[in-house]
Amino acid sequence: MNLTLKVWRQANTTTRGSFETYPIADVSPDMSFLEMMDVLNEELIQKGIDPIAFDHDCREGICGMCSMFINGEAHGPDRLVTTCQLHMRKFKDGDTITIEPFRAKAFPVVKDLAVDRSAFDRVQHAGGFISVNTSGNTQDANAITIEKHDADRAFDAATCIGCGACVATCKNASAMLFVSAKVSQYALLPQGKVEATDRVLNMVKQMDEEGFGNCTNTGACEVECPKGISLENIARMNREYLTASIKG
Amino acid sequence: MGTLNSNIPKGPLSDKWTQHKSNINLVSPANKRLIDVIVVGTGLAGASASATLAELGYNVKTFCFQDSPRRAHSIAAQGGINAAKNYQGDGDSTYRLFYDTIKGGDYRSREANVHRLAEVSANIIDQCVAQGVPFARDYGGLLDNRSFGGVLVSRTFYAKGQTGQQLLLGAYSAMNRQIGRGKIKMYNRHEMMDLVLVDGKARGIIARNLVTGKLERHGAHAVVIASGGYGNVFFLSTNAMGSNVSASWKIHKKGAHFANPCFTQIHPTCIPVSGDHQSKLTLMSESLRNDGRIWVPKKIEDAKAIREGRLKPTELAEEDRDYYLERRYPAFGNLVPRDVASRAAKERCDAGFGVNKTGEAVYLDFAAAIVRYGKEEAHVKGLDENDAQLVKKLGQEIVRSKYGNLFQMYEKIVDQNPYETPMMIYPAVHYTMGGVWVDYNLMTSIPGCYAIGEANFSDHGANRLGASALMQGLADGYFVLPYTIGDYLADDIRTGTIATDTPEFDTAEKEVQDRLEAFINNDGKNSVDYYHKKLGKIMWNKCGMSRNEKDLKEAMTEIKELREDFYKNVKVPGGLDEFNEQLAKAGRVADFLELGELFAKDALERNESCGGHFREESQTPEGEALRDDENFTFVSAWEYNVEPAKAKLHKEALNYEEIEVKTRSYK
Amino acid sequence: MALSGLFLVVFLGQHFTINLASVVSKDSFNELSHFMGNNPLVQFILQPILIFGVVFHFIMGFILELQNRAARANKYGSYKGSANASWMSRNMILSGAVILSFLGLHFYDFWVPEMNYKYFEVLPEDPTRYYEELVHKFVSPVRVGLYVVSFFFLALHLLHGFGSSFQSMGINNKYTPAIKTFTKIYAIAIPAGFVFIALFHHFNAL
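Chains as they are written, first to last, in the numbering used here: chain A, 1 to 248; chain B, 249 to 915; chain C, 916 to 1121.
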């Protein structure tokens, strides 16, 4: 396949960026999107052009590091995949593909397609944990029984990979799906209920301070989430937040 | 460097750890506040160690090259984590886990370390559940287990196919709590460039801020390396793109011995290579071998027809299939350890029975499991067990609930539906048992420098059993290092903050700066990846699943030549003071180019077959691996000596007190 | 947003019921209108609450919109919103603005004269005047046209807003599909009903 790539280039956080156009030839449909980018970068290096910076690591869809906005969608046109698991067979010969970084005020561009998502980390520092010492001197694991459905739903929420596609795709750049996934995981488990009030208040406060937008329930995040995290989690967090606010 | 002292405590094996903990020095809570510890890496080992050290009261500085600690590659571990809980009541015990691990490692691991690992394994599960890790549960609300290769009990705890993710996020959450409290200072997008020694002790690191390109000095009373394995020396592996040996290699160059570099695990169930553009390989969890049957065609002409697309695997009659693992190893069948399964696949493909275009793939078939589960389900629901369509549908649902995410991943990559046609798999580099040599306290041969998790060598011998890596990473980080490091730091309570404006830091920083400038100013013609791919080819072809003297010698020469060419002709675009991925990569590949040669040298030196290391010169008439206990029951610990080929070998003899060393058999 | 929105949804239903009366019976419409216009509870407690609800809803709506726009200072070059969310959900501010301008017209048409009638000029109360006033307003085809367009946007606004308010209040469970279906029916039926009433009076007056 022969393709035209319109790629966002930006030297660093403070400079202004713009689109550059690069043609690429002989793309195999079996390539992953990032392998196609590798090939392009190899060509750019040979031509003496600065290669395109993009974040990536595990390339098997679990680390959450890759983060491209492809043809107007987070992680591109396929569903339930990260950019690294998007394959070129989803495109046609002759296509022009627009590639941008995830855009949000809370995710400043580091360079080209790489963005700084440390806002997510800071939200987690505010309460994304259960306050238990790591001494191992806890009760036996089977002393806490958890209903299978709750355990499964907690797991489903916990599979969030923190890639930021929800923020990138939301028209309001809201981080509600990400934050609610963590709040939900703990809210569903007896271990997490002990400090549920403080957790949700602190995490939401930090989320707001980071400059993410508000949730208007468009549902776009759920559609674009590579792990299919459900909107139910946002409702659960809203519930937790209301209860916590009333409690104080 | 002095002689190797593994510092194994005296006393009966099962009491060593308890007694050791009672006897070692402690640092008082008030004094811990005066002590700084650096941790490099935030995988299971690094994250759990950072969290625990901070919780104990030390000031921790943690570094990772990714944009967040949660990205570390432990996150990709799929199948599960072992623990001797015996919740299934199938005869498991600390001793049996210890025994299985030693045997699985083909009697090349350190007995005392492995026993300690088995002892603390149960605590890990308690700890993780308390932290909110959502392990799989049964309908009674209790924890569920599954079985993994090389063992006869079900002791593996899991969270669907994402156990590593859940455990890492658990450790990350423990870290977050300490970051929020200000006890851990986290440095994301920072790479450790070198270790700084003061009076022979590890006292800090030089790190590079990968965003600004600036070099930074960080002092500490101890440095912990938790930077994972070096599988990416093969270019293609199941490791993450950024996984590298650099932190381990830098400390090796400063005096830490590197142990058993040739012990590499080639995982049998990975998605085969599809073309030259391939950047990494994807693992399909070993748990699939619980239900999948591995086969190739019995007749070579069928294999040829399949390769050419004239025949579909589903069309091949049962009697024309060779379930070679079940044939060769009736006792363990498809659940033989990884090294055995990998070599058997290679043997069949080398003999011409491979099934994809490249001839390097075998089938992993779920058809039988789908029928078996479907019939069970039909029976439970009181439906017709003889309705093939219904049985298939019910069976597929069960298989989906067990392995759904893996099947989906396979379909996305290969574009074939594994519910309908067998998966194609081939072995790929996955884990490195070798690593930085450490003593019982996990301290390297540099005082004050520790190595934990996959970065060290101690627990898995020549082959790691499935679901043991997660166990070791968390055991080291949560329950071993935080105790043993106190023994060393107890002498440092009066040292005060480590100053970084000293000649030692000046020299170290200057060296790093010079190295980076040399890359930028090199003005060569080949990209970094060009060299990495070439190195990978040499490693795979000559130091891969099957090794011999001639190939290994050639590999050493070729790697040396490639390294020299690299320094002459590598082209690194961009500048020093900016986000420059190619520059970061150049430094990592430079280290791989040295490690690769030592790897080949180690493999050459070890003229026996054990675990993942198979020397063609040392095999039984049936082609099984043949160990040489008389001459090789030792750990090869290599001392740096400028040229990898001239590295000095130290042997740590392995003494087995509790275990009778036997031939490993899975027949 | 959710609470004020739901409150307005309830008000809308009540308003519709009274308007519908105008189609059925002139007298009962006059009776109801008289009650609403002269009952002190309605006039001095419910009416201010309603006004507060409306004002709060649109001010908050605009504040949220401003915050949300600020959350993405640099826009995408290519953004395919239709791939993952409905037009209604993405354009609440637009449909909201249309409804707000309609409210302006509506106040000008009914509320301002009414307040004037009652509280400024203090004209004598005539319990039968309401129906005639109503019919009179629907004579102009332009006004009826604006009315129809506005209610089309109200339907779009409700199609997302009604169901969405439950999600915001933390309700997303096995009843959610039922709530969504009800939302759809309500969001289409009520505005359609209003439009029907307008057209009914318009064509009756011809």
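Hints listed in this document are in silico derivations from the structure and should not be mistaken for laboratory results.
Heads up, a few of these hints could be off.
[To be verified] Straight-line C-alpha distance at most 25 Å; calculated DMTMM-like pairs for lysine to aspartate or glutamate:
#, chain 1, residue 1, chain 2, residue 2
1, B, LYS816, A, GLU42
2, A, LYS47, B, GLU765
3, C, LYS995, A, ASP93
4, B, LYS915, B, GLU659
5, B, LYS650, A, GLU232
6, A, LYS247, A, GLU195
7, B, LYS816, B, GLU864
8, B, LYS758, B, GLU659
9, B, LYS915, B, ASP839
10, B, LYS462, A, ASP78
11, C, LYS1089, A, GLU222
12, A, LYS90, B, GLU659
13, B, LYS773, A, ASP26
14, B, LYS650, B, ASP374
15, B, LYS782, A, GLU195
16, B, LYS660, B, GLU464
17, B, LYS773, A, GLU210
18, B, LYS833, A, ASP38
19, C, LYS995, A, ASP78
[Stated by the list, open to error] Rough simulated footprint, nothing fancy, chain C against chain A, three-plus residues with beta-carbon under 8 Å:
#, stretch
20, 30 to 44
21, 55 to 66
The beta-carbon is built from N, C-alpha and C at its ideal position, and this holds for glycine as well.
Now the hints, each set against the structure:
no. : hint                 : in the structure
1   : B:LYS816 - A:GLU42   : holds (19 Å)
2   : A:LYS47 - B:GLU765   : holds (21 Å)
3   : C:LYS995 - A:ASP93   : holds (21 Å)
4   : B:LYS915 - B:GLU659  : violated (34 Å)
5   : B:LYS650 - A:GLU232  : holds (23 Å)
6   : A:LYS247 - A:GLU195  : holds (12 Å)
7   : B:LYS816 - B:GLU864  : violated (35 Å)
8   : B:LYS758 - B:GLU659  : violated (50 Å)
9   : B:LYS915 - B:ASP839  : violated (40 Å)
10  : B:LYS462 - A:ASP78   : violated (38 Å)
11  : C:LYS1089 - A:GLU222 : holds (18 Å)
12  : A:LYS90 - B:GLU659   : holds (13 Å)
13  : B:LYS773 - A:ASP26   : holds (23 Å)
14  : B:LYS650 - B:ASP374  : holds (24 Å)
15  : B:LYS782 - A:GLU195  : violated (54 Å)
16  : B:LYS660 - B:GLU464  : violated (42 Å)
17  : B:LYS773 - A:GLU210  : violated (44 Å)
18  : B:LYS833 - A:ASP38   : holds (13 Å)
19  : C:LYS995 - A:ASP78   : holds (13 Å)
20  : 30 to 44             : violated (count 0)
21  : 55 to 66             : violated (count 0)
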